[in-house]
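Let's have the full structure, built from the sequences with the hints guiding it.
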Amino acid sequence: AQKITQTQPGMFVQEKEAVTLDCTYDTSDQSYGLFWYKQPSSGEMIFLIYQGSYDEQNATEGRYSLNFQKARKSANLVISASQLGDSAMYFCAMREGQEGYALNFGKGTSLLVTP
Amino acid sequence: EAGVAQSPRYKIIEKRQSVAFWCNPISGHATLYWYQQILGQGPKLLIQFQNNGVVDDSQLPKDRFSAERLKGVDSTLKIQPAKLEDSAVYLCASLLAGEPYTQYFGPGTRLTVL
Numbered sequence: 001a002q003k004i005t006q007t008q009p010g011m012f013v014q015e016k017e018a019v020t021l022d023c024t025y026d027t028s029d030q031s032y033g034l035f036w037y038k039q040p041s042s043g044e045m046i047f048l049i050y051q052g053s054y055d056e057q058n059a060t061e062g063r064y065s066l067n068f069q070k071a072r073k074s075a076n077l078v079i080s081a082s083q084l085g086d087s088a089m090y091f092c093a094m095r096e097g098q099e100g101y102a103l104n105f106g107k108g109t110s111l112l113v114t115p
Numbered sequence: 116e117a118g119v120a121q122s123p124r125y126k127i128i129e130k131r132q133s134v135a136f137w138c139n140p141i142s143g144h145a146t147l148y149w150y151q152q153i154l155g156q157g158p159k160l161l162i163q164f165q166n167n168g169v170v171d172d173s174q175l176p177k178d179r180f181s182a183e184r185l186k187g188v189d190s191t192l193k194i195q196p197a198k199l200e201d202s203a204v205y206l207c208a209s210l211l212a213g214e215p216y217t218q219y220f221g222p223g224t225r226l227t228v229l
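Top to bottom, those sequences are chains A and B.
Under this note's numbering, think of the first position of the first sequence as 1, with each following residue one higher.
Under this note's numbering, think of the first position of the second sequence as 116, with each following residue one higher.
To be clear, the hints were calculated from the coordinates, so they are not data collected in a lab.
Be careful, since some hints might not be right.
Stated by the list, open to error - Some chain B residues near chain A, calculated using beta-carbon distances under 8 Å:
| # | residue |
| --- | --- |
| 1 | Lys126 |
| 2 | Gly157 |
| 3 | Gln163 |
| 4 | Pro215 |
| 5 | Gln218 |
| 6 | Tyr219 |
| 7 | Phe220 |
| 8 | Pro222 |
Claimed, not checked - Pairs of lysine-lysine, DSS-like flavour, derived with a Cα cap of 30 Å:
| # | chain 1 | residue 1 | chain 2 | residue 2 |
| --- | --- | --- | --- | --- |
| 9 | A | Lys107 | B | Lys186 |
| 10 | B | Lys159 | A | Lys107 |
| 11 | A | Lys73 | B | Lys159 |
| 12 | B | Lys186 | B | Lys126 |
| 13 | A | Lys3 | B | Lys198 |
| 14 | A | Lys3 | B | Lys159 |
| 15 | B | Lys186 | A | Lys3 |
| 16 | B | Lys193 | A | Lys16 |
The beta-carbon is built from N, C-alpha and C at its ideal position, and this holds for glycine as well.
This is the structure in structure tokens:
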């Protein structure tokens, strides 16, 4: 069964607008971590933001925030004030358990920021 | 601080040939991962090392893929013989110990098998 679901294959947003990228997850673990990565056309996966399952506050990192709704098992990424350089693939990933367990990734969402 | 290094960046081979990829993790990162990313999909774990020991290789096609991390630092991933379906980006990542246990990725090696 798919552990991470990203239902939006592609999204468009105008420069300076905010955009939400959806992510739902499936786990029976109580302890887990949720990550968002950005992958530009160059191919490197760039870490953006992290949310732990026990964190009560939504994570924020600059223009990125994570809308964490534990009961709904969703971890949506919000990018505020979009920039042209935000155009890339975005992947949601989950680490079940603690420490160094491998990540399960979704299929990604392609974001295109237009002028 | 230097990031995760990978080489080569691109490789084109014919099916049934062999190929090897190299990864140098961030200094001090004990845990190293190799992921395979097929076009249009998210990365999928192939193998995970802790120092020079294998933690998880359950998804590694062992009939053709092998990996090693002899001195607990650099790692190599080998495919022999390659198949058309091995065309993918091979990503190496290393782990920063301590919460939130973030994995940092290298630039990847894009393999095309003809």
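Evaluation of the provided hints:
no.	hint	in the structure
1	Lys126	13 Å, violated
2	Gly157	3 Å, holds
3	Gln163	6 Å, holds
4	Pro215	4 Å, holds
5	Gln218	6 Å, holds
6	Tyr219	6 Å, holds
7	Phe220	4 Å, holds
8	Pro222	5 Å, holds
9	Lys107/A with Lys186/B	34 Å, violated
10	Lys159/B with Lys107/A	10 Å, holds
11	Lys73/A with Lys159/B	21 Å, holds
12	Lys186/B with Lys126/B	26 Å, holds
13	Lys3/A with Lys198/B	28 Å, holds
14	Lys3/A with Lys159/B	12 Å, holds
15	Lys186/B with Lys3/A	34 Å, violated
16	Lys193/B with Lys16/A	45 Å, violated
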